[in-house]
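Put together the whole structure using the sequences plus the hints.
Okay, here's what each chain looks like letter by letter:
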Amino acid sequence: MSRPPRVSRIVLGIVLPPGLRGEAVLGDLEEEFRTRVERQGRTRATWWYRRQAWRVIGLYALPWRRPVDPGGILSPSAAARRSNATESLIQDFRHGVRQLVRSPWISTLVVAALALGIGANTAIFSAIDAVLLRPLPFVQPDRVVQIIERRTAFPDQSEVQLPLPNFADYEGAASFSHVAAIRPGQVYVHEGDRRPQRVAVHFSSELLDMMGVRPELGRAFLPQEDRPDPDPVVILSHAYWQDELGGDSAVVGSSLTLTRFVQGEGYVPLTLDIVGVMPEEFRLPALQIGDDYKVWAEGELFLPMGVWTWGRGDRGRHALRAVAELAPGTSLAAANAEIAAAARGIAESDPERSEGLSARVIPLKEIRRVRHGTVLGVLWAASALILLVVCANVASLLLGRALARERELAVRTSLGASRGRLLRQLLVESVVLGGTGAAVGLLVAHWGGSLLKRLTPGNVHGLANAGFDLRVLLFAAGASLLTILLFGLGPAVRGTRTHPADALRSGGRGGGAGGLRPMRWLVMGQVALSLSLLVGSGLLVRSLAGLLDVDPGFDTEATIRFVLAPPPPFAKAMEHGDRLAFYNEVRTRVGGMPRVRSVGAGRIALLSGGLSSGADMTPADGMPPGPRREVEWISVLPGFLETLGTPLVRGRTHNEADVERVFMGVGAQDLWDPWEGVPALVWPDADALGKFFFWGIQDPSMVEANIGHWQWGDPWPEGWDNRYPPPVPLKVVGIVADMLSVDLTEAAPPTFYTLNSYSTFTIYVRVLGDPVAMLPVLRAAIDAVDPDIGVESAEPMATAVRNATADTRFQAVLLTLFAGLAVLMTGLGLFGVLAYAVSRRTHEMAVRMSLGARRGDVSGMIVRDGLVLGVPGIGFGLGLGLLGTRFLSSLLFDVSTTDPLTFAASTALVLVVVLTACWWPAERATRVHPMEVLREE
Amino acid sequence: MTIRNTDLGEFEQLVLLAAFRLGPDAYAPRIAEVLEARADREMSRGTLYGALDRLERKGFIEFTVEPPTNLRGTRRRRRFIVTAAGIKTLEQLRSVVERMWEGMGERLAGEA
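For the record, the sequence lines run as chains P and C. Residue numbers for the first sequence, in this note's numbering: 1 to 937. Residue numbers for the second sequence, in this note's numbering: 938 to 1049.
None of these hints come from the bench; they were simulated from the model. None of these values were measured; they are calculated from a predicted model. Mixed in with the good hints there might be a few duds.
Listed next, the stretches of chain C that the computed footprint assigns to chain P, with coverage defined by at least 3 CB atoms under 8 Å from CB atoms of chain P [said to hold, decoys possible]:
1. 948-959
2. 978-989
3. 1001-1008
4. 1012-1019
Here are some chain P residues the structure puts well away from chain C; computed CB gaps all over 10 Å [as the list claims (entries may be wrong)]:
5. Leu20
6. Glu30
7. Gly58
8. Lys365
9. Glu408
10. Arg809
11. Val912
Backbone N, C-alpha and C fix where the C-beta goes; we use that ideal spot for every residue, glycine too.
Below, the structure is given as structure tokens:
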């Protein structure tokens, strides 16, 4: 015999009340099912059973639908009272649901608006929660500070990296209970035959104490391993241990060999004992603004500070970042005073290197806030404004509905319903709407959150962890509740205040325009809020346009850059001659390919930040060095400036003869190269052509004494600052246009271009036609030149420019999205109010028209009505915009916070939306047929 | 349409009437069948059992338990019986409706 569908029957069996009642129902349905199988066939009977089973499940599973047990234990009166109270609430609830279903368009609109509002806020809040609110990964997150130095020579620049000796002086400060140094670096790990480059971060032993983290295997670093040249040990990251060593727990106690660069010795191998493995979730903390956090986060190996060799004992070598935990009872001010005093001491004892040195501490929390606070704050403010617009919008919709239901409410009041009862019913309806909106809003927040993560440029530490935790859910619940109260309470109070007699007397036409007054205020508010959002997003869009419009001083359309992976230096000792041979080979092969216009190379990848080097310079014509200032220094190979299309202003660019002079016949040095014939230079004064200058800040008398005497190969002259190259002057042979090599948002730094090659360099190729299409062919050609030197990354310069503008693009896109939503909602809100006003005033229109008013008069009246709402709203919006955009100033580029064009354009757009919203209601008003309307009376 | 004093919903009235009409044959599937034949559409069993439970709670209907039939497997079934109070309410309803209709038949015919 055929059996009913399983799942439905099982669920039914669970939901039905135990005992006879459930058994009988189950039996009934089975009986009917079998009858139907015979009459209608199996398929239809099965579907019938499913349908009916779920309806019965609905009856017994929803508590308010479940029939009250007739033989209940409550005394009749108590049971009756309770069932009365809960039942009327249940009734209200069902009534609310029915109201929702009855006007599906309005409900969908309301739920969608609420979902967007609540969802956007929750998504942004989850980001803020992850990035700003979660405690920093320290035992005492509020008491951790970073030590930062400053020199009077560079008043605008905080020096994040401290020289090792300075760190040692701060380390002993009584204000700190823990102090730790961190230094990322690169090493080549011996893995079989391979020598891959790995990120190794050095840190001192107290860091893990401060963070309250222990290795998951083995031990942490010991204090004695902070001191120079300890027994070499290494701790592995969880990922490295898993991926490269197969997660073998016997690894602790074994050893690992790597090659690293040691000052004065070159590349030397070092064998270390593996003493520990860090837990999987361990990440180094993000520190000062401008930090390349990615480098830290990717730390694969961890080495004790004592293994670090560069710049030991030299107060001129900026190498370490320092974090400290304030000692119990020490205030920030006290710590600052102590550190400042220590810095003064250093300045006095070593005036040559540390002149004008000062130092202070900044709480990490503060750093985090400064770093991400503005953007997230602006986004949050924008999403809060959206929520307000949504509330106003929904409130005016509900108010409209409440007015339309005036008659229904009046009838109920006159039949004895108390105001409280009606109020409750309206509020329950709001809760139904708000609850549905919040539920959909969580979905929106979920999608919005992943969208946010995808859109955000990858420099926001912690964003990847954003998600729904308890705090985010509480926030969403709170926002929803607030929203419900904001949009629900007003209309409910207003809707139940009518006098039944008035409402009934006016025959459903309501109390005339007076009843619309609160709606008018709401619409005005929406206009104001959305205009201010529009102004903010307009400013960001202008910034983005400005950024994209900036002439970077190089061609972004047709150029591709190939960042080369450096060969392990010990595997292939590339001297200048080798590098030049390699580069010439690339130039010949690639330059000979069809559609290639020119090939160049430089040490840096433009716009990648941080890879070009600051340098000081001293004119060699007897003039005093003048105020010390930093210039950018870019080492290039011939073809660089031509390939990037940087215009030559005067003189010439590097040529092959320069190469001959610079590289040939001279012993190559690893760090500093002979500086003979030289470069094109951006020099403030055009007469610089043909002049000479020296590298670094040098004593003019030293320059005088050595110029023309010193030969390459001689020992360096006594008293020469040997951090800089030897006293061979550089000659200015040409002047080129400014190039924004580091950052699009800042003025082009003064830059000089010297001929030189490095173990890392970037090849630029200028092509005819689409660079994207050419990219794979060129990449293969470069890869083929030398199997040891591969292309690490390749991208058109246009992509690099896009990445460099990612922050602004992200902010502009998000804020524009918000502003667009707000304007759309405002338009709909205004439209709703006007359409509603027209529908209430058809009678009046009819009378007017029968008395001789022309169509134009009537539609003019409606448009005037709309403008009466729109224009003051615009006024408020402009004021709000002027107040609000001040907070945007740090995010803007090349546009003032009171940019008249943006304000004018936003106003015009809002005005257009207002007029558009007026159009249809006005049109409808003119189509009133006086006779028909009046006959209906 | 809720009639005062009887506290009986419209659908409950129909269910009660159907059970009364079926007399000794008033099992839930038969009641559904009668109602569906009159309404000419499928009726939700959830609504039906809800109405039966409410009628029972209000004292207008009760049931006796009968052994399973072949079609039901091992499950027993309920036969519904309209109580005296239920019958009285049905009568009241009828007289109310009839009083309301008094003299209206001609008028309906006239309009048509």
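Within 8 Å of chain P (C-beta), three or more residues of the region 978-989 of chain C: Result for this restraint: holds, n = 7.
Please check whether the beta-carbon of Val912(P) is more than 10 Å away from every beta-carbon in chain C. Val912(P) is indeed farther than 10 Å from all Cβ atoms of chain C, at 51 Å.
Using Cβ atoms and 10 Å as the threshold, tell me whether Glu30(P) really stays out of contact range of chain C. Given that some Cβ of chain C is not farther than 10 Å from that of Glu30(P), nearest at about 6 Å, it is violated.
Arg809(P): least C-beta distance to chain C exceeds 10 Å? holds, 54 Å
Non-interface label on Gly58(P), tested against every C-beta of chain C at 10 Å: Non-interface label on Gly58(P) violated, nearest chain C Cβ at 5 Å vs cutoff 10 Å.
Glu408(P) clear of chain C by more than 10 Å, beta carbon to beta carbon? For Glu408(P), whose nearest Cβ neighbour in chain C is about 17 Å away, the distance exceeds 10 Å, so it holds.
When you look at the beta carbon of Lys365(P), is every beta carbon of chain C farther off than 10 Å? At about 57 Å from chain C, Lys365(P) clears the 10 Å cut-off, so the statement holds.
So Leu20(P) supposedly isn't at the interface. Is its beta-carbon more than 10 Å from every beta-carbon in chain C? violated, 6 Å
Are there three or more residues in the region 1012-1019 of chain C whose C-beta lies within less than 8 Å of some C-beta in chain P? holds (count 4)
Just to make sure I understand the rule, a stretch counts as covered if three or more of its residues have a C-beta closer than 8 Å to a C-beta of the chain. Does the region 948-959 of chain C meet that for chain P? violated (count 0)
Verdict on chain P covering the region 1001-1008 of chain C, criterion of 3 CB contacts below 8 Å: Result for this restraint: holds, n = 4.
Against the hints set out earlier in the document, violations occur for numbers 1, 5, 6, 7.
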